[in-house]
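Under the numbering used here, the first residue of the sequence shown carries the number 190, and numbering increases by one thereafter.
All the given hints hold, so there is nothing to weed out.
Each computed SDA-like pair below joins lysine to any residue, with the alpha-carbon atoms no more than 20 Å apart:
hint : residue 1 : residue 2
1    : Lys202    : Cys253
2    : Lys205    : Ile272
3    : Lys277    : Leu220
4    : Lys318    : Pro299
5    : Lys244    : Leu273
6    : Lys244    : Arg218
7    : Lys202    : Asp226
Label pairs and their computed distance ranges (CB to CB):
hint : residue 1 : residue 2 : range
8    : Arg219    : Met194    : 24 to 34 Å
9    : Asn209    : Gly297    : 38 to 48 Å
10   : Asp217    : Asn267    : 18 to 28 Å
11   : Pro313    : Leu220    : 40 to 50 Å
12   : Gly214    : His309    : 30 to 40 Å
Simulated from the structure, these hints should not be mistaken for lab results. Keep in mind that this is a model prediction, so the values were computed, not measured. Quick reminder that beta carbons are idealized off the backbone N, C-alpha and C, glycines included.
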Amino acid sequence: MKVVMNNLNPAWKIFKVSVNSLCSGDEDRRLKVRVWDWDSNGKHDFIGEFSSTFKEMRGVQWECINPKYKAKKKNYKNSGIVILNQCKVPCNFFFLFQVAIDFTASNGDPRNSCSLHYIHPYQPNEYLKALVAVGEISDRLCL
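Please construct the entire structure, taking both the sequences and the accompanying hints into account.
What follows is the structure, encoded as structure tokens:
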């Protein structure tokens, strides 16, 4: 996420992160978000934090709480509100296909090297090559 300079009410730019890297695909996994005030000297100031799950992150807001301030200050409410304006999750594509290979005798003996069903000890037969090619195509479509 890019730093927003000189602004006490920042609006961060949209950024993309995969669901897998954010929460390992587990929408109920607890996430902790920490907010800092960037300083050029490298001594960034901790503003506060909140926690949520990915499933909860749909057009909501959180109080950004600094635990030290909460413990010290009697009237401390929060260090600000973080509002999530947009959260889009692209559709996942799932390919389900069934494959059947006809091993009837009319298609040739699998022990005969002239048969498409021939089971070579060191390389795949034509049917297995076709199955692998279909799997590679579906993998490329899911990227």
